[in-house]
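Colleague: Sequences and hints are given; from them, build the entire structure.
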Amino acid sequence: MTKLAVVVTTPPHSNLTTTAIDYITNAIELGVDVIGVFFYQDGVLNASEHLSLPNDEYQTIAHWQALHSDHNVPLFLCITAAEKRGLSDEIESQMSQSNMLSTFTIAGLGELVELSAKTDKLVQF
Amino acid sequence: MTNISHSTPQNGIALLNTSAPFSSSNAKDSIDLALIFGSYELAPSLFFFSDGVLQLIDNIDGDKISIKDFTKTFSALEFYDIEQVYVCEESLKQRGLSKVQLIENVEVLSNEQFSQKLASHKQVLKF
Chain A
2 MTKLAVVVTT PPHSNLTTTA IDYITNAIEL GVDVIGVFFY QDGVLNASEH LSLPNDEYQT
62 IAHWQALHSD HNVPLFLCIT AAEKRGLSDE IESQMSQSNM LSTFTIAGLG ELVELSAKTD
122 KLVQF
Chain B
572 MTNISHSTPQ NGIALLNTSA PFSSSNAKDS IDLALIFGSY ELAPSLFFFS DGVLQLIDNI
632 DGDKISIKDF TKTFSALEFY DIEQVYVCEE SLKQRGLSKV QLIENVEVLS NEQFSQKLAS
692 HKQVLKF
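One line per chain: the protein sequences are A and B, in this order.
Just add 1 to the spot in the first sequence (first one is 1) and you have my numbering.
Just add 571 to the spot in the second sequence (first one is 1) and you have my numbering.
Mixed in with the good hints there might be a few duds.
Stated by the list, open to error - Sample of chain A residues facing chain B (criterion: CB under 8 Å; computed from the structure):
(1) Gly111
(2) Ser117
(3) Ala118
Said to hold, decoys possible - Distance condition first, Cα-Cα at most 30 Å in a straight line; then the derived BS3-like pairs of lysine-lysine:
(4) A:Lys122 - B:Lys688
(5) B:Lys639 - B:Lys664
(6) B:Lys664 - B:Lys635
(7) A:Lys119 - B:Lys697
(8) B:Lys688 - A:Lys119
Bear in mind the hints are in silico, worked out from the structure with no lab data behind them.
We put the beta carbon where it would ideally sit given N, CA and C, even for glycine.
Modeller: Shown next, in the form of structure tokens:
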């Protein structure tokens, strides 16, 4: 089974993110083993819990959740990039709490290196 | 797997840099990733194309425009065994630059050599 890893650097409102989801969905249907999606740069915003897109637009965040829950696709995000963009998974005080979706796994760039080493094909959006 | 080269890619990962150094975070995000690959002993090849060549100008200083100057990191590349650094000659010419204005230890390649070298890598990430 061919292994595929995907790097997403575009935010949820980008049409390229929609294309990434379509690409991954089709790959799964064709029997490709999607070993992980790594979110870097503005891609980390896809993990934002409070982000909402207009109802009549493509619901990228819901689709990532579905890819994870229906197909067990691991979703890794670069914590440094996330924190730069106001996302946090830590409850540091009573005032602050996580605003990151729990379907995403907190990771560092080392995770991307490991995906790169394990995969047959690496595709960036 | 579809190869973009005529022969099977032999090399690991290439990071293709096409952004000017300080107008976005692309350049810094790319070098950060390069060093992580290097620390895993999977040294990436670095390619500089289009506005990306501006990152390699010697003595540029982001600090003067209040931006953290990640370009100092280029001098640390050899400690991470990152020795494959390629620059597109055409991109330099288009910007009125030549090799003497760049930092040391970079290899300037013609368009054809540049694309062949890039195609010899199994994976490419673009910043």
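Colleague: The structure should be examined with respect to each hint, and the outcome stated for every one.
Modeller: Status of each hint after checking the structure:
At a threshold of 8 Å, the smallest CB-CB gap from Gly111 of chain A to chain B is about 6 Å, leaving the interface hint in force. Hint status for Ser117 of chain A relative to chain B: holds, with the closest Cβ pair at about 6 Å, below 8 Å. The criterion of a C-beta within 8 Å of any C-beta in chain B is met by Ala118 of chain A, whose closest approach is roughly 6 Å, and the hint holds. Among the hinted pairs, Lys122 of chain A with Lys688 of chain B is consistent with the structure: their alpha-carbon atoms are about 18 Å apart, no more than 30 Å.
Distance check on the hinted pair: Lys639 of chain B and Lys664 of chain B sit about 28 Å apart at the alpha-carbon level, within 30 Å; holds. For the given pair, Lys664 of chain B sits about 26 Å from Lys635 of chain B by alpha-carbon distance, which is consistent with the 30 Å threshold. For a cut-off of 30 Å, the pair hint linking Lys119 of chain A to Lys697 of chain B stands: about 20 Å separates their Cα positions. The straight-line distance between the Cα atoms of Lys688 of chain B and Lys119 of chain A is roughly 23 Å, inside the 30 Å bound, and the hint therefore holds.
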